[in-house]
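Visitor: Sequence:
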Amino acid sequence: MSERLEKQVEFLDRLIQLTEQGKVRWRNQRTEYWFTTELNRFAYAIICRDEDDVAPYLFRVFRLLPSGEVDTTMLEEWMWNFEGDDHPLDERLARLYRVVKRATIGYSELVDGMLQDISEIDGLTDGI
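Throughout the sequence shown, residue numbering follows the numbering used here, covering 1 to 128 in sequence.
It should be emphasised that the hints constitute simulated quantities derived from the structure, not laboratory data. Careful: at least some of the hints might be erroneous.
[As the list claims (entries may be wrong)] Only pairs whose alpha carbons sit at most 30 angstroms apart, straight line, appear in this in silico BS3-like list of lysine-lysine:
{"#": "1", "residue 1": "K101", "residue 2": "K7"}
{"#": "2", "residue 1": "K23", "residue 2": "K7"}
{"#": "3", "residue 1": "K23", "residue 2": "K101"}
[What the hints assert, rightly or not] Derived Cβ-Cβ restraints for the label pairs, each shown as a range:
{"#": "4", "residue 1": "Q29", "residue 2": "G123", "range": "39 to 45 angstroms"}
{"#": "5", "residue 1": "D53", "residue 2": "E120", "range": "29 to 35 angstroms"}
{"#": "6", "residue 1": "R49", "residue 2": "G123", "range": "42 to 48 angstroms"}
{"#": "7", "residue 1": "E109", "residue 2": "D53", "range": "16 to 22 angstroms"}
{"#": "8", "residue 1": "E6", "residue 2": "N40", "range": "20 to 26 angstroms"}
By construction, the Cβ of each residue, glycine as well, lies at the ideal position given by its N, Cα and C atoms.
Construct the entire structure; sequences and hints are all you get.
Guide: What follows is the structure, encoded as structure tokens:
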């Protein structure tokens, strides 16, 4: 693995971990398949290219201006590998997309609410 690829893998692993911990917050941008976050120096986007929640995924990097606005000139794009090999970025891009989507829609809260919903019905039917 090249040094560049190693750094990309390390970056994505850390970004996934921080997102899972709730330290990096994402929001929908443009469509339900496009998510962005802004950190200190850069803004990032994870996108499902075909808008169907499956690969290919794109990861884009933009510079933040001193004003806090995003410079729309893309600095970097990491794209799903189409060669059929197990490329190290593929798994990470897919995982990042899933983690971000779940965090953005409040998946944990959704499931908790669903369980509470069914528990309330189950509790109501115990005496019947």
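Visitor: Holds or violated: K101 and K7, Cα atoms, limit 30 angstroms.
Guide: holds, 24 angstroms
Visitor: Has the hinted range 39 to 45 angstroms been met by the Cβ atoms of Q29 and G123?
Guide: holds, 41 angstroms
Visitor: 20 to 26 angstroms was suggested as the range; check whether the CB atoms of E6 and N40 agree with it.
Guide: Cβ of E6 to Cβ of N40: about 23 angstroms, so the range 20 to 26 angstroms holds.
Visitor: Measuring from beta carbon to beta carbon, are E109 and D53 in 16 to 22 angstroms?
Guide: Holds, since E109 and D53 (Cβ atoms, about 20 angstroms apart) stay within the stated range.
Visitor: Are K23 and K7 close enough, with their CA atoms no more than 30 angstroms apart?
Guide: Answer holds: K23 to K7 is near 21 angstroms, not above 30 angstroms.
Visitor: Taking 29 to 35 angstroms as the hint, is the beta-carbon distance of D53 and E120 inside that range?
Guide: Roughly 30 angstroms apart at Cβ, these two residues keep to the hinted range, so it holds.
Visitor: Are the Cα positions of K23 and K101 separated by 30 angstroms at most?
Guide: Satisfied, since the Cα-Cα distance of roughly 15 angstroms is no more than 30 angstroms.
Visitor: Using the Cβ atoms, figure out if R49 sits within 42 to 48 angstroms of G123.
Guide: Hint holds: Cβ distance 45 angstroms, inside 42 to 48 angstroms.
When each numbered hint is compared with the structure, no violation occurs for any of them.
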